[in-house]
Amino acid sequence: KQEVTQIPAALSVPEGENLVLNCSFTDSAIYNLQWFRQDPGKGLTSLLLIQSSQREQTSGRLNASLDKSSGRSTLYIAASQPGDSATYLCAVNLANSNYQLIWGAGTKLIIKP
Amino acid sequence: DTGVSQDPRHKITKRGQNVTFRCDPISEHNRLYWYRQTLGQGPEFLTYFQNEAQLEKSRLLSDRFSAERPKGSFSTLEIQRTEQGDSAMYLCASSPPWLGAAETQYFGPGTRLLVL
Chain A
1 KQEVTQIPAA LSVPEGENLV LNCSFTDSAI YNLQWFRQDP GKGLTSLLLI
51 QSSQREQTSG RLNASLDKSS GRSTLYIAAS QPGDSATYLC AVNLANSNYQ
101 LIWGAGTKLI IKP
Chain B
1001 DTGVSQDPRH KITKRGQNVT FRCDPISEHN RLYWYRQTLG QGPEFLTYFQ
1051 NEAQLEKSRL LSDRFSAERP KGSFSTLEIQ RTEQGDSAMY LCASSPPWLG
1101 AAETQYFGPG TRLLVL
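Chains as they are written, first to last, in this note's numbering: chain A, 1 to 113; chain B, 1001 to 1116.
Calculated from the structure, these hints are not laboratory results.
One or more hints might be untrue.
Unchecked claim - Here are the simulated lysine to any residue pairs, SDA-like style, with alpha carbons at most 20 Å apart:
| # | chain 1 | residue 1 | chain 2 | residue 2 |
| --- | --- | --- | --- | --- |
| 1 | A | K42 | B | R1112 |
| 2 | A | K108 | B | D1024 |
| 3 | A | K42 | B | D1024 |
| 4 | A | K108 | A | S12 |
| 5 | A | K112 | A | T5 |
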């Protein structure tokens, strides 16, 4: 059974710092891995999607990497800003026809001005 | 607004009552998913539709839960005889049929349910 773990559960850093969020999964048979952002009481916004054949994806100040063999992904945020404060969730897409997502519990990020 | 919409956004009900939530996916998206998210946790898969067919149901979806997508467009999720443990955010997502994009799910804002 696929399990997804995110460490740390919460992180608080001063504005301007670079930071790394971690995601690990137990079964390497994934279709892709996605990082989402969730603001309090809101829905989910997709940030980056990495296909199983890819090693990384970049969007602006965000860079996500994927190491399938070790079951790990990282989300790197450069030059953090208070507006980056949110919960970041990773989800793996099972390698089946339903594209079901299995989620981590998220990392709650606070960027202090 | 052409995104996924959900109604209502918030629902407070008493234990034992029935509730129904609606999800309107993005037009032309044939795949529709329901997830449940409790406080401090990631979403958990509940059920999946392809067009009007319900193709997969999680064991989390007890007999008190039923979901429909009668015409392959909007979907409803009904919870009968609600329990306090049903309190959660219920999220709907949709994805398109075309190759290379089917794995990208677009999420609605969710319906937050509180059972007193």
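Taking the hints in turn, this is what the structure says about them:
1. A:K42 with B:R1112: Within the cut-off at roughly 10 Å; holds.
2. A:K108 with B:D1024: violated, 29 Å
3. A:K42 with B:D1024: Holds. K42 (chain A) to D1024 (chain B) sits at ~17 Å (cutoff 20 Å).
4. A:K108 with A:S12: Answer holds: K108 (chain A) to S12 (chain A) is near 8 Å, not above 20 Å.
5. A:K112 with A:T5: violated, 25 Å
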